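**Student:** So the protein sequences, as listed, match chains A and B. Per the working numbering, the first sequence runs over residues 1 to 291. Per the working numbering, the second sequence runs over residues 292 to 440.
To be clear, the hints were calculated from the coordinates, so they are not data collected in a lab. Just so we're clear, the structure is a prediction, and the values are computed from it rather than from any experiment. Some hints here could point you the wrong way.
Under the rule of at most 20 angstroms between Cα atoms (straight-line distance), these lysine to any residue pairs were calculated in the SDA-like manner [stated by the list, open to error]:
| hint | chain 1 | residue 1 | chain 2 | residue 2 |
| --- | --- | --- | --- | --- |
| 1 | A | K149 | B | E413 |
| 2 | B | K421 | A | A153 |
| 3 | A | K149 | B | A395 |
| 4 | A | K149 | B | Q340 |
| 5 | B | K421 | A | A220 |
| 6 | A | K149 | B | K420 |
| 7 | B | K300 | A | G38 |
| 8 | B | K431 | B | D382 |
| 9 | A | K26 | A | E250 |
| 10 | A | K6 | A | T264 |
| 11 | A | K254 | A | Q20 |
| 12 | A | K149 | B | L419 |
| 13 | B | K367 | A | T49 |
| 14 | B | K367 | A | A153 |
| 15 | A | K149 | B | K300 |
| 16 | B | K300 | A | G52 |
| 17 | B | K421 | A | K26 |
| 18 | B | K367 | B | G326 |
| 19 | B | K300 | A | P45 |
| 20 | B | K329 | A | D209 |
| 21 | A | K78 | A | I106 |
| 22 | B | K435 | B | T314 |
| 23 | B | K329 | B | H351 |
| 24 | A | K100 | A | R114 |
| 25 | B | K300 | A | T49 |
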Amino acid sequence: MAKGGKEIRNRIKSVKSTQQITKAMKMVAAARLRKSEGRTQASRPYTDTLAGVMRNLASVATEVDHPFLSHVNAEAPKVMLLLFTGDKGLCGSFNANLVKKAEQFIREQRSQGRETEIVFVGKKGWQALGKGGSWFPGFNENTSYADLKPVNAVLTNAYLEGEVAEVHMIYARFINVMKSDPTAVRLLPIQSLEPAGEDEAEGFADNYDLEPSPEELLTALLPRYFQTIMFQAAMENFTSENGARMVAMENATKAAGDMIDALTLEYNKARQAGITLELLDIVGGAEALKG
Amino acid sequence: MSTAKYALKVVTPDGEVWSGETTSCVIPGLDGYFGVWKGHAPLISGLEQGTLMIEHPEEHRIRFIAVGGGFVEIGKDGVTVLAETAEQAGDIDVHRAEEAEKRARERLQAYYSQNDLNVDIERAIFALKKAMVRREAAKKEGEKRTHMF
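Construct the complete structure from the given sequences, taking the supplied hints into account.
**Tutor:** Here it is, written out as structure tokens:
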């Protein structure tokens, strides 16, 4: 007998309890995923309409000279990176991929002669790249739009005071439950605000009265738009994290199942061998008595 | 007074706060409060910290919502208020709003009379405005008003 039956039985027990934990974690991740998908959906009317209005405003109000639209201090030797990760592990390569993307970003900036200052949202990124310093807790299904304000303040202050040339962000773009994509976006100056097509913009100006002027409206809405972009990224990042955790835990549960099957087989073999041995003993003893 | 109804929605980044039909509402725009009846010209306006007042056609009373930041879109199909924050006045804790107002006033006092330069003046003014709006909205809601003014 290679291994005692008792040892194998204990091993099966421990794998089973691990499997119960991974199964529970998978279900928790699934529930949080559903919730955060709901949140993303709930914020969509706001963010979509805002984005549409911003695009139209940008093409109507072309004379606006807002610091969010053009560099404050393009010569600054530093850039700021907002790095979204999760607070917890056990989600496959989710956090590692984001950290890898950030390292790549830092290398690229360094080759252009710029150092990177990282603002961490999520503990895992800070653990990997933070040299002391502080971090913001990661976002989850219960955090609200207003919770982004402190992060927003750190970024905008550094940018408006010219300490950093640009502000970038890295987050996991949600594709589907199985897949997310670590994405780098320039936040400031705002990159995604491409003016709408001429026809669309003309229709917009004809159809709507604007109050106050397009310029003032754009100036009032730009900081909000900026925070909305971050908010969406934070929500998507959290959705991606839970997708990754769900898949990782599903795989772990399956692996534990395979392990239990293999161990059960081994246990049965060991038990069989034991019985055979005992039988041989009895038969051998009986033969000896007969002799 | 017109009794024609139109659809009104109040949404924030955290979700929808109010949705329904109304005959008229008053909106705190960046250039001041303005009223909207059915058939209003299409308009996009910025929002100020203020109280959104909605005529509730079935209950025959006014609903108050404290809103702040964002904008309002008046289209052909109705009115959409896209606010950064929006709170139904019935959900506002009056006591907490009063406390916040007191704190903001103290901060302003410290800045102006004791020259305390640690006070973030813009934030203090913003906080005071917000607290006052919330207190007002809660008070008006509590009175179960049937008229806006």
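**Student:** All the hints need checking, so say for each whether the structure fits it.
**Tutor:** Do the hints match the structure? See the list:
1. A:K149 with B:E413: holds (15 angstroms)
2. B:K421 with A:A153: holds (19 angstroms)
3. A:K149 with B:A395: holds (18 angstroms)
4. A:K149 with B:Q340: holds (17 angstroms)
5. B:K421 with A:A220: Holds: K421 (chain B) and A220 (chain A) sit about 17 angstroms apart, inside 20 angstroms.
6. A:K149 with B:K420: holds (18 angstroms)
7. B:K300 with A:G38: Holds: K300 (chain B) and G38 (chain A) sit about 18 angstroms apart, inside 20 angstroms.
8. B:K431 with B:D382: holds (13 angstroms)
9. A:K26 with A:E250: Status holds; Cα separation ~6 angstroms.
10. A:K6 with A:T264: The hint holds at about 12 angstroms.
11. A:K254 with A:Q20: Satisfied, since the Cα-Cα distance of roughly 11 angstroms is no more than 20 angstroms.
12. A:K149 with B:L419: holds (18 angstroms)
13. B:K367 with A:T49: Given pair K367 (chain B), T49 (chain A) holds - Cα atoms ~15 angstroms apart, limit 20 angstroms.
14. B:K367 with A:A153: violated (37 angstroms)
15. A:K149 with B:K300: violated (25 angstroms)
16. B:K300 with A:G52: Distance of about 17 angstroms is within 20 angstroms: holds.
17. B:K421 with A:K26: Judged against 20 angstroms, a Cα distance of about 42 angstroms means the pair is violated.
18. B:K367 with B:G326: holds (16 angstroms)
19. B:K300 with A:P45: holds (10 angstroms)
20. B:K329 with A:D209: Status holds; Cα separation ~16 angstroms.
21. A:K78 with A:I106: Holds, because 11 angstroms separates the two Cα atoms, which is no more than 20 angstroms.
22. B:K435 with B:T314: holds (18 angstroms)
23. B:K329 with B:H351: Judged against 20 angstroms, a Cα distance of about 18 angstroms means the pair holds.
24. A:K100 with A:R114: holds (18 angstroms)
25. B:K300 with A:T49: Since the Cα atoms of K300 (chain B) and T49 (chain A) sit roughly 13 angstroms apart, the hinted pair holds (cutoff 20 angstroms).
Of the hints listed earlier, those the structure fails to meet are numbers 14, 15 and 17, in rising order.
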